[in-house]
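Can you build the whole structure from these sequences, using the hints too?
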Amino acid sequence: MATPDQLRVPGLGLPADYFPGEGQHFPMLFGSEDRDWAAVTLTLREMCMLKFVEEISNKPEWWIKVFDPEISGRWKAEALGMKWNEYRQYADFTPAMADACITELRHKAEMYEKTGLMPVFDYSACVIKSDRIVSPSLWQDLRDVVAPLENIPEDRKDWHPGSDGKVLNLVHPSLYPLVYGRTRILPDKRIGVDDALDRCSQGEVIDVPELVRDTQFISRKFQWLPCDVLIDRRHARIETYVNNLHPQRHAAVYPVLERFIEAALPAWDIVYRWPWEFGMQRLKATEARTRCRAPNSCLRNKWGTVACNPFARPIRSDEPPRRNYRDDPFYDDWDIDRDEDSDIAYESEVEEIKPNRQYEGGDDNGGEDGGDEDEGDEDEGDEDDSYNSDDDGVHHISYDERKRRDISWFLKTHPMKLPDCKPDENKVKIQASDVNLIAPMLRLPTDTTATKEGVSAGKRRIQVIVKLANIQLDPSKPSYNGGSWHLEGQLNERICATALFYYDSHNVTDASLEFRTTANADDLDGFSGYQGGIQHEQYDTHSIARVFGINTDLRDTTQKIGGVLTRHERALFFPNIYQHRVSPFRLADDTKPGHRKILALFLVDPAVPIISTANVPPQQGDWGQDAQCRQVQILTGQLPQEVLDMVREDMDRPAISEEEAKRYREKLMKERTRRQAHASDRLTLTAWNFCEH
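If you want the working numbering, it's the 1-based position in the sequence shown plus 24.
In short, the hints are calculated from the structure, not lab data.
In this text the structure is predicted, and so the values were computed from the model without any measurement.
Incorrect hints may appear among the rest.
[What the hints assert, rightly or not] Simulated pairs of lysine-lysine, DSS-like, Cα-Cα distance not exceeding 25 Å:
no. : residue 1 : residue 2
1   : Lys441    : Lys584
2   : Lys107    : Lys308
3   : Lys308    : Lys453
4   : Lys427    : Lys107
5   : Lys138    : Lys427
6   : Lys83     : Lys138
7   : Lys441    : Lys427
8   : Lys446    : Lys100
9   : Lys107    : Lys584
10  : Lys584    : Lys245
11  : Lys107    : Lys501
12  : Lys181    : Lys694
13  : Lys100    : Lys616
14  : Lys181    : Lys686
15  : Lys441    : Lys100
16  : Lys89     : Lys441
17  : Lys308    : Lys190
18  : Lys100    : Lys83
19  : Lys427    : Lys89
20  : Lys451    : Lys100
21  : Lys451    : Lys441
22  : Lys83     : Lys441
23  : Lys584    : Lys181
24  : Lys691    : Lys190
25  : Lys138    : Lys451
26  : Lys181    : Lys453
27  : Lys138    : Lys89
28  : Lys686    : Lys83
29  : Lys584    : Lys453
30  : Lys616    : Lys190
31  : Lys451    : Lys584
32  : Lys686    : Lys190
[Claimed, not checked] Distance ranges between label pairs, derived from CB positions:
no. : residue 1 : residue 2 : range
33  : Pro119    : Arg610    : 32 to 40 Å
34  : His530    : Trp300    : 35 to 43 Å
35  : Glu449    : Arg346    : 45 to 53 Å
36  : His592    : Leu235    : 42 to 50 Å
Ideal Cβ placement from N, Cα and C applies to all residues, glycine included.
Here it is as structure tokens:
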């Protein structure tokens, strides 16, 4: 291979925490307040629209059926009949939202027909799913070439630590990673697939890297090792060995992996470009205020305006008198058990009561509609008809029951002023023509390292980390409890996107991959111009929580976006600015074994290439023994015995043994678990800061 200049990448020649300038690399989400990316804040209604699109696009031939008015009409009716508040508290769904979703699905149907790609949970970033981009024969090829990795003696199988013998690692990047201060590196040479074994034990030990600034998300101990992949238009060629995948014993896996990388390229290209080119928002809320439908019950303040509060509910005969209205503590927690309290009505369940113009001020359609209504004509029954008690006792109600009644009444009589969709409006920007099927990934930032090393115009070098794992269940271990929220890798790996290929699922229930990300708290509170900030009553955080899918206590700026069904022979692609976790699943038939097998490909940000197997000789001890045997056979008979003994002694410089590698993996996992937990804490402990506007 061509000899490069001295390698300069993060951790070797550059500080480990090196990044190009702002806007010159993919966004990050690692709990760094000054550098983290944030999505727009989703309204609950838009979350429900995202859920509707995901559900419909799992139906057989949805891209054809969506154009059938009868079928799409049934889908609309089903959506309007759902109890959306069971999906998300306070959620609802309107006919206009359903129409907008059908319009969006028809737009995306063309893209799916032409490209096989379907964006879902798409707004500031996106997830892409596909049941078409991988052919049936390629799925089978993967199953065939992976089988030798599975069919090994039980004592050689690598069960993932802490998985209770349910997760079998076939190829995992945490085994034999780059270990600063231990791993050997060839900074001025490139190692190919064919000569990888000949390079075992060569090179100099890499130093522990320096950091320009203190960061808790860069490791000075470990880095996963990607392989280098050359992209020539739509074709991919793995240039360097895949870590933990023997280039000779498992040579048949390499060309199959190349075809899966080729399949991932158009989707990765879209995921990478999305934040800059295709970001959008379906519904924008400019206020978080309620419509008071019970002005006769709500307290008037000294200025004569209505001050609405759950404590304004008229009490029933089985309740003790309230204390002074202003002295009652406001409920911090509005969570009430909807299973037990089936009489609670939400906005979508309440019949429209014309509001009193005196209190609406004519500032919205609701106020104008009620302009001719007299306060005395208001139907008080909607406030009071449920307050006749069947309880024979008096004053026997608990605090929790009073809270339940207060909040139920308030939600029923104070629906939110919510944005709605416009007829036939499609907010989706991406078109089928935006998907680059011929030369994907070539519009990304230039890899200067690759340019120096002679990668010609029209070609591109990317770096990919490979993982193969099986989740295996049996009657003695019938369930998988799911995963925890996480991002892939650490900042060391600069992972920008993931491709997951569910290539074999058998006798397991449906599961989903759930996503969440950080919302732009600064923009929503008005300091950064979210349409001038959200108009709301001071300290009325509950109304804000009823508009947006955020925690009522406003101490967590992450939003759970939703989950994508992970079924047999499906491919998923998503950015590493969406945290994700696997939902629980179990055996479909508890009397038989079952499994879910996954190929994961992690794309290193092409703008920030890292140390790869191009410069790190294989560290696996048994790989080195293979190379040594071959070299000794070649040299035997050509050199005097004493010289041959010196060669053998030089070859005995220790690689990393399997036992040592597993100790390093344990340390790596502990470090990453701690850092992931810290990152999640940082993400979920960032408070919203709303001021009055």
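Task: Indices of hints not satisfied (ascending) - done: Hints 5, 10, 11, 13, 16, 17, 19, 22, 23, 26, 28 are the ones this structure does not satisfy, whereas the remaining hints hold.
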